[in-house]
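S.K.: The lines below spell out each chain.
Protein chains: 2
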Amino acid sequence: MTFDFTPLLPAHVPDPAPRWTGFPEYNFVGGHIDDATVPVDDLRAAVDRALAREGADLATYGLQSGPQGYRPCREFVARKLKTYCGIETSADDILLTSGSLQGMDLVNRLLLQEGDTVIVEESNYGGAFTKLRALGVNMVAVPLDEHGMRMDALAAALDDLAARGIRPKYIYAIITVHNPTGTILPLDRRQRMLELARQHGVPIFEDECYSDIVWSNERPPALRALDDSGMVIHIGTFSKTVGPALRVGYINADWPVLGRLVAMKSDAGSGALEQMMLAEYCPDHFDAHVRRCNGMLEGKLDTLIEALDEHFGTSIEYRKPPGGIFLWVKLPEGVGTARLAAVAGAQGVAVNPGPEWSLGADADNWIRLCFANPPLETLRAGVAKLATICHEEFGVPEISGNVKR
Amino acid sequence: MTFDFTPLLPAHVPDPAPRWTGFPEYNFVGGHIDDATVPVDDLRAAVDRALAREGADLATYGLQSGPQGYRPCREFVARKLKTYCGIETSADDILLTSGSLQGMDLVNRLLLQEGDTVIVEESNYGGAFTKLRALGVNMVAVPLDEHGMRMDALAAALDDLAARGIRPKYIYAIITVHNPTGTILPLDRRQRMLELARQHGVPIFEDECYSDIVWSNERPPALRALDDSGMVIHIGTFSKTVGPALRVGYINADWPVLGRLVAMKSDAGSGALEQMMLAEYCPDHFDAHVRRCNGMLEGKLDTLIEALDEHFGTSIEYRKPPGGIFLWVKLPEGVGTARLAAVAGAQGVAVNPGPEWSLGADADNWIRLCFANPPLETLRAGVAKLATICHEEFGVPEISGNVKR
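Heads up: the sequence lines are chains A and B, in that order.
Residues 1 to 405 (the numbering used here) make up the first sequence, in order.
Residues 1 to 405 (the numbering used here) make up the second sequence, in order.
Here's a subset of chain B near chain A, in silico, CB distances under 7 Å, partners left out:
(1) 40
(2) 44
(3) 48
(4) 56
(5) 61
(6) 102
(7) 169
(8) 230
(9) 262
(10) 267
Keep in mind that the hints were calculated from the coordinates and are not lab data.
Just so you know, even glycine gets a beta-carbon here, dropped at the ideal spot from N, CA and C.
Given these sequences and hints, build the entire structure.
M.R.: Right, here's the structure in full:
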């Protein structure tokens with residue numbers, strides 16, 4: 001007889017995941033990157049050199065580097081943070097994690113409990129919403145304009161919470177290549193955000209997971225670079241530049257925070273081989289690699305936009321972002337993207353519906369399209385198919401391709 | 001001014017970890033293995049082949065295998081479970097984790113909440129105690145004899161809990177190479193344990209993290225192999241055989257449990273490169289490798305025992321275990337091993353004091369000595385130094401080496 005676990009499960013436990021059946025044919029979801037950009041030969045050489053030199057260290061937890069992760073990898077992360085976004089730090093204040101998602105889980109476990117309040121950008125990474133909801137945390141949404149989070153709205157939200165005696169646990173900020181809009185918050189707003197956060201005693205949780213992907217290869221200093229009080233917790237990743245399957249992310253924070261995260265990281269370290277490989281690969285290759293990827297990705301985005309213009313015409317609106325791996329697209333009023341995503345998904349076209357990526361009341365007719373992974377032909381064909389499905393379900397776009405429907 | 005996070009932290013948050021300062025000179029703690037046994041050249045060849053063939057798949061989360069981990073690695077785990085301990089399963093019901101510790105955390109998160117009760121072996125993996133205490137879970141300890149967990153005591157504990165209306169969430173069982181005693185529970189007790197668990201409707205959480213390390217290379221079927229109801233959740237790891245820094249563990253359970261663990265694994269997968277390397281390395285090499293390691297480890301254990309006999313003489317008691325990487329040693333009454341561990345630790349000799357590895361009232365004068373990592377000379381010198389320190393602090397052993405003190 002089958003043992004029934006159900007009576008033993010706490011209330012918040014999710015249902016079993018559906019069995020994984022492979023990627024959809026036209027995959028516009030997920031933070032995947034382009035297969036062709038994985039620098040396989042250089043990675044092979046790097047991991048081989050690292051193993052030849054230090055492979056025997058796999059015998060000890062944390063190699064010879066302790067619980068924060070392989071020290072040469074942390075040293076590269078510290079240099080990267082300095083060079084790319086102006087953060088002065090050292091390997092001592094870096095914790096390597098299983099992707100930036102483990103970093104997010106750790107920061108959430110450190111600061112949050114049920115009933116707490118956090119401030120988030122109104123449109124946002126859907127996974128962050130999922131994690132915060134599972135924790136029973138209240139989210140206060142701050143709207144964005146074409147430059148990113150609106151500081152007048154942030155000030156109003158903080159004032160309102162203060163008036164109600166609520167001190168939010170953090171402001172969650174994906175401000176350098178925002179998800180899903182791709183905006184990069186200008187320097188003056190960054191300074192204003194820090195000022196507001198300081199006034200209200202609210203830390204900032206800065207998530208720079210997409211921030212290396214900028215067409216111009218230029219970006220403003222990180223919030224953590226502009227602050228000297230330790231109030232900013234910064235996370236990032238190699239997922240979007242070298243490969244998401246590697247699961248190498250990092251947290252940078254002052255020791256009162258980082259030391260607690262180290263104490264709470266209960267998995268005895270993240271995979272060391274990836275860390276060894278990256279430490280060997282990155283110093284000589286990372287910069288050129290990222291520039292090459294960025295050029296290629298902007299080209300892909302242009303292809304996506306071309307295909308959207310061709311198949312959806314003027315029925316859609318979007319702003320070409322300065323970087324990232326996704327486009328945030330507004331469909332005509334009345335197109336319910338939750339239904340569109342379900343119908344398209346059943347036909348092999350996967351898109352993120354707006355309501356999963358935004359707390360805003362007006363997100364129903366938005367979708368997020370990830371463009372980094374599908375080959376150019378698949379991008380084009382997928383957009384064409386999506387337009388057909390959208391036309392069939394909602395009557396828009398009226399014209400698809402050259403064919404009047 | 002430094003930002004003060006303290007008022008924002010929930011009550012249960014730990015203090016910052018101490019800064020890591022390297023391994024102690026004489027390191028008898030931690031589940032490390034022998035540097036010399038890491039099959040570096042074969043691993044280099046394996047990871048190179050895997051990357052050459054499938055390196056571009058690093059571009060997608062979970063490679064082409066989905067959230068449960070690299071399928072060929074899961075396929076090897078399924079074969080290993082069948083061959084080594086009789087479990088009939090398939091890659092579909094394996095979840096790869098960041099070491100078995102992440103597996104333990106996931107199972108705990110699935111089943112436990114504050115105030116719950118679990119049944120544990122009285123002497124036990126200290127890290128399990130730490131995790132359960134952090135969750136606010138009550139532990140009911142079942143004593144062991146020279147064969148492992150006592151079934152009369154387990155029956156009594158279950159009856160007592162039932163009489164009090166308490167249904168424990170699981171029985172935690174490291175019964176194949178128990179930590180710290182190294183015992184292997186005989187088949188008849190395994191059958192009895194399942195019978196008792198079934199009667200009381202209590203699942204079993206079977207932790208086989210050391211079970212490949214058996215001098216005879218023979219072991220009884222796992223509890224999960226003996227049960228067909230799905231009540232046994234089984235975890236294991238490659239840490240003790242190929243290398244702990246790799247962080248590749250696994251969970252095997254029926255889908256109502258495993259599917260929920262997949263849904264709760266919020267890190268978007270564990271490091272794929274290790275999984276690719278192991279999937280390539282293990283089919284041809286794992287079995288011979290483990291036999292070689294086991295021979296070498298038994299030799300190290302014999303050296304440790306020789307050194308203990310030489311320096312501690314008859315003042316100590318121990319049973320040579322049939323496998324594992326540690327020896328559980330009884331010092332004379334009156335030797336407080338918490339103090340011994342502190343004093344020895346300050347002099348570069350790290351040991352696990354009994355009270356951290358047992359809930360028993362009589363564990364004060366026990367220590368756990370891990371012997372897999374230190375070279376033979378270090379084992380000998382460390383034992384000599386420990387004997388000297390113990391003599392200085394507690395007056396025992398009376399004789400150290402050939403010198404009367």
